[in-house]
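Throughout the sequence shown, residue numbering follows this note's numbering, covering 1 to 181 in sequence.
Each hint should be verified, as a subset may be incorrect.
As the list claims (entries may be wrong) - With beta-carbon atoms standing in for the labels, derived distance ranges:
no. : residue 1 : residue 2 : range
1   : R30       : D83       : 18 to 28 Å
2   : G87       : K19       : 41 to 51 Å
3   : S76       : G113      : 15 to 25 Å
4   : G84       : P43       : 17 to 27 Å
5   : P115      : K154      : 38 to 48 Å
6   : K99       : K26       : 32 to 42 Å
7   : R107      : W161      : 34 to 44 Å
8   : S76       : D97       : 17 to 27 Å
9   : S55       : W161      : 20 to 30 Å
10  : S55       : K33       : 17 to 27 Å
11  : A2        : F24       : 10 to 20 Å
12  : E81       : A2        : 28 to 38 Å
To be verified - Here are the simulated DSS-like cross-link-like pairs (lysine-lysine), alpha carbons at most 27 Å apart as the crow flies:
no. : residue 1 : residue 2
13  : K33       : K19
14  : K99       : K150
15  : K33       : K99
Just so you know, the hints here were simulated from the structure itself, not pulled from any lab data.
By construction, the Cβ of each residue, glycine as well, lies at the ideal position given by its N, Cα and C atoms.
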Amino acid sequence: MAVQPIRIFGDPVLRATAKPVTVFDKELRRLVKDLTDTMLEAPGAGLAAPQLGVSLRVFTYNVDGVVGHLINPDLSLSEEEQDGPEGCLSLPGLRFDTKRAYGVVARGVNMYGDPVEVEGTQLLSRCIQHETDHLDGIIFIDRLDREARKAAMKAIRETDWGGGPAPTVRISPHSTFGPIR
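When you get a sec, could you build the whole thing from the sequences and use the hints?
Shown next as structure tokens:
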């Protein structure tokens with residue numbers, strides 16, 4: 001087992017845009033294993049490479065007993081929306097209602113460079129969108145409306161792990177649900 005420490009909100013790597021994977025080697029397979037082991041141990045529904053301090057476009061997921069990974073994802077989102085609680089291993093113990101697309105089709109490759117397509121709704125859709133956001137330097141609280149984001153930042157400051165200076169909140173560049181106010 002290769003469980004690694006998870007980076008916590010405020011770590012700069014979580015705000016950087018991850019680089020596409022271009023080399024499919026033993027090191028990449030080890031990264032996927034580390035991500036999977038760490039996600040399962042946490043436990044979490046997903047984990048992106050930046051959360052382990054690696055700025056590459058890789059994430060793992062564990063939804064409804066299906067464990068998988070996706071590299072260099074490209075998403076097609078449904079117009080139908082869902083709104084529900086969302087958490088993050090990089091914001092331990094906190095959950096906030098977050099709007100997401102109800103369905104997703106995610107295309108990318110596996111750790112060997114073979115094409116992969118993952119299609120899902122509800123929790124799987126939410127997970128894939130959440131983890132892909134991590135690859136773009138977006139944290140789910142960036143998708144909250146102004147009041148909810150303000151409440152989230154207050155909750156973060158009140159945690160044992162969030163007592164440092166307030167990190168910069170980055171507004172999502174994705175236009176899935178229009179401008180965030």
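Now the hints, each set against the structure:
1. R30 to D83: 18 to 28 Å: violated, 37 Å
2. G87 to K19: 41 to 51 Å: Violated, since G87 and K19 (Cβ atoms, about 26 Å apart) do not stay within the stated range.
3. S76 to G113: 15 to 25 Å: holds, 21 Å
4. G84 to P43: 17 to 27 Å: holds, 19 Å
5. P115 to K154: 38 to 48 Å: holds, 44 Å
6. K99 to K26: 32 to 42 Å: holds, 40 Å
7. R107 to W161: 34 to 44 Å: holds, 35 Å
8. S76 to D97: 17 to 27 Å: For S76 and D97 the Cβ distance comes to about 24 Å; the hint holds.
9. S55 to W161: 20 to 30 Å: holds, 22 Å
10. S55 to K33: 17 to 27 Å: Since the Cβ atoms of S55 and K33 sit about 18 Å apart, the hinted range of 17 to 27 Å holds.
11. A2 to F24: 10 to 20 Å: This hint holds: roughly 19 Å between Cβ atoms.
12. E81 to A2: 28 to 38 Å: About 37 Å separates the Cβ atoms of E81 and A2, which means 28 to 38 Å holds.
13. K33 to K19: holds, 19 Å
14. K99 to K150: Distance ~16 Å between K99 and K150 Cα, so the pair holds.
15. K33 to K99: violated, 30 Å
Violated hints, listed in ascending order, are 1, 2, 15; each of the other numbered hints is respected by the structure.
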